[in-house]
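Taken in order, these protein sequences are the chains called A and B. Those letters in the first sequence? Residues 2 to 554, per the working numbering, in order. Those letters in the second sequence? Residues 603 to 933, per the working numbering, in order.
It is possible that part of the hints are untrue.
[Claimed, not checked] Just so you have them, the derived chain B footprint on chain A, three or more residues with Cβ under 8 Å:
1) 244-258
2) 469-483
[As the list claims (entries may be wrong)] Listed below are several chain B residues computed to face chain A (Cβ distance under 10 Å; list not exhaustive):
3) 678
4) 681
5) 684
I should point out that these hints are in silico values taken from the structure, not numbers from a laboratory. Glycine residues also receive a C-beta, built at the ideal position from the N, C-alpha and C atoms.
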Amino acid sequence: MPGRALALLLAVAVLGGCGAEDAGPAAAPADGARPPGRGPAPAYGDTLVEALTGNVSGLIPNILSDAPSFEVAGLLYNGLVKRDRDLRLVGDLAERWTLSPDCRELTFQLRRNVRWHDGHPFTAEDVLFTYRTMVHPRTPTAYREDFLAVETIEAPDPYTVRIRYRRPYAKALQSWGIWMLPRHVLEPWVREGRLREAPQNWHAPVGTGPYRLRELRAGEKIVLVANRDYFAGRPYISRVVYRIIPSQATIFLELKAGGVDVANLTALQYRRQTEYPAFRKAFHKFRYAANAYTYLGFNLRDPRFADRRVRQAFAHAIDKRALVEGVLLGMGREATGPYRPGTWVYNPNVPAYPYDPARARELLAAAGWRQRNAEGVLVRDGKPFAFTLLTNQGNDERKKVAEIVQASLREVGVAVEIKTIEWAAFLKEYIRKRRFEAIILGWGIGHDPDQYDIWHSSKTGPDELNHIGYANPEVDALLERGRASCEERERKQHYDRLQVVLADEQPIVFLYFRDALPVVASRVQGIDASPHGIKFNFTEWYVPEARQRYTSE
Amino acid sequence: MALYALRRLVLAVPLLVGITFVSFVVIHLAPGDPTELQLGEMSPEASAHARQMLRELYGLDQPLVVQYWTWLRRVAQLDFGRSFAPDGRPVLDKIVERLPVTLLLNVIEMVVILLVAVPVGILSATRQYSLFDRVTTVLVFLGFATPDFWFALLLMLLFGVQLGWLPISGLRSLNWEYLSFWRQQWDLVSHLILPVLVATLGGLAAVSRYMRQSMLEVIRQDYVQVARAKGLSERIVISKHALRNALLPIVTILGLSLPGLVGGSVIVESVFAIPGMGQLMVQAVYQRDYPVVMGNLVIVATLTLLANLAADLVYGLVDPRIRLAGRRGRR
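Using the sequences and the accompanying hints, generate a full structural model.
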């Protein structure tokens, strides 16, 4: 069983996010969740135990890419900016900022009362150092691109940072959500290109965040304690313990026995196994759309799939609602394009593909697939329409999707064979080498709508992410304009059009966005459930004195 | 005897080198490379450059034989290198922090298996086809056929959730540091009860069946009849004359299972959230973390060779004929 259940290719930076100045329309509150308690007065203390299915791979998130590490690092470090409950960018270590009208000059005023966990003051020197770390050729980071766009960076005084970009860069502001690193401890490691080996990446992280590391036991647990000197005030919850429990079934039993306070449920657990009164009483249940979608992708170099009508036919042949119902028990939303419903960039007015096998057959016939052979499979020029659908092993959800797609396409006369391949081999031997006909995979999306790397025709090279080989001049132009503008209204126009083109063309069949289904022990108060997640205000979560379970410190 | 042991030890060295060479080649032959998983998720601008950088860092751009030679030279100095995982920690650290847990669990498991399986095997052999024999036969096969993870979940549900007697998973309670010394010991023991129970289930079946079989063979031998004819009590006949011979196959099995002591069971470890060697090895294989995989292999291979040697030596102790035959053969 591979560590990551949601083995996603994370396309664009997984970081904080992007420039949404005005908030997106707030979607309906998390289904099934009780409103955040306005109960007894906030109190300090107690321990929160959270289950992680995988081990952290390190504690300097700037050079990592796995979800558990981000989860833990999120409490240890800060960026200059962060996202609030409506995904708006707000100051974190920066008190305020100004962005020049041409979008090329960004000036941050830093907070003056911030100290690193070891007591050293945080200054503009650390921001400059973080920048140098990100662009250093020997730093193995995924987020370098954002910082290569910088032309000059300087610190006129210890609490001001001025950055100039070569050309207007849409992600300029959000890129400074990157976790700030302490210059006074990490500089030699970065200089020698050995940042990974620094003790700060393992048992001695130094951040500015609301929690400090107390203990780290590989594969067992990670203990964080509240940073009493946190610049935004001491967090209420005194101790956070991450327990590493690889088995989802075990996590569920631990929840029932009270051994775990925070965990993510599976759709089955959410719908069928946690609806009884005792569980409802013991836990808040939340539900919101995750920032990742699942798709059916084609190798567009294959002449059969290069025909748009074939792809549209497939979109009509697959009943997405039944798919969400069957695979996720309804705990997901149909995808119409690459953006999550409920975000500012999402465009609901795009061509839709309702489930319609008759229409699918018509489209296939128009593409020349008219005759059927003895097995009922469509034939053109004597060749049956048959292909292999690949997906990665160890992801049950994708396997089920593949099976439903197989059955749906069989209905319209297309024969599909499913093959599952171990993740490392799948990436190297099939995706990178373009040795596939069709795939079931997912994309994790950032908060910024820029998806240049996925759709632009210049990104079809061997190590690049447009592995389906999509090329459309209009899409290229829209992507270029979208990332070069920092005016949100203007960007929205480009991305609205992009969604229309993608929906019409169906370079991939967008299937669904799954829901994240977290639960939190009901003794925890102050949770602000937003349609985008629940952890935004973690430092404000508290347990009323009378309900505290653990004494700590 | 000492000379024999020494000779075997010396001969083991080239064998070990051969084993590591074959493993090294095989693991590198598996498709996918370590940079793939770390960078598959990175942004593409970084990845082409970063991938090349990592390949150089890891020496993956060199011919396989050169890589092996570099690795072998380091290992000869007991330097197992650093993990390819993003934490970049020394392989030895990663193994050493997990080995005690796995050893503890497996040693307890083996002791429990011996303590239960040997008497059960003897009893069902001496009372062949009795009610006891039949019941244990059924139970043993049930145990053998029961899937580990399923049995584990049932036990967790009963003792952890319903009754609340035992902890469900992990090794230590959260408040472990604050407990008194004896409480800490009990805490550890209580965490180990369910995993040991599940882990012993399969082994119990095998060992008790071997014991029964071997005992059945031995008690039909002439010398056992002779012992009975001498008028010795059944107890003495079984415990003194028959048992010693019947234990021989068990010694073999024990010898063979010694390397398994450091292996760890992936299923038991995952279900009970125990940070042992099994999980480390599986993750290392998925991530193509060659240094960790090889480090693990060296330890297991060394132990296997040592265990084989130990088993051969113990044979001599248990069975004088082998000892004599050995001497005569070398003269």
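*Whether chain B covers the segment 244-258 of chain A (at least 3 residues having a Cβ closer than 8 Å to its Cβ atoms)*: holds (count 11)
*Taking 8 Å as the C-beta cutoff, is the stated coverage of the segment 469-483 of chain A by chain B satisfied by three or more residues?*
violated (count 0)
*Does residue 681(B) meet its interface restraint, that is, does its C-beta lie within less than 10 Å of any C-beta in chain A?*
Interface hint status for residue 681(B): violated (15 Å vs cutoff 10 Å).
_Satisfaction of the residue 684(B) interface hint, Cβ to chain A closer than 10 Å_ = Holds: closest Cβ of chain A sits about 7 Å from residue 684(B), inside 10 Å.
*Grab the minimum C-beta distance from residue 678(B) to chain A and call the hint holds if it beats 10 Å, violated otherwise.*
At about 23 Å, which exceeds the 10 Å cut-off, the nearest Cβ of chain A leaves the hint on residue 678(B) violated.
When each numbered hint is compared with the structure, violations occur for hints 2, 3 and 4.
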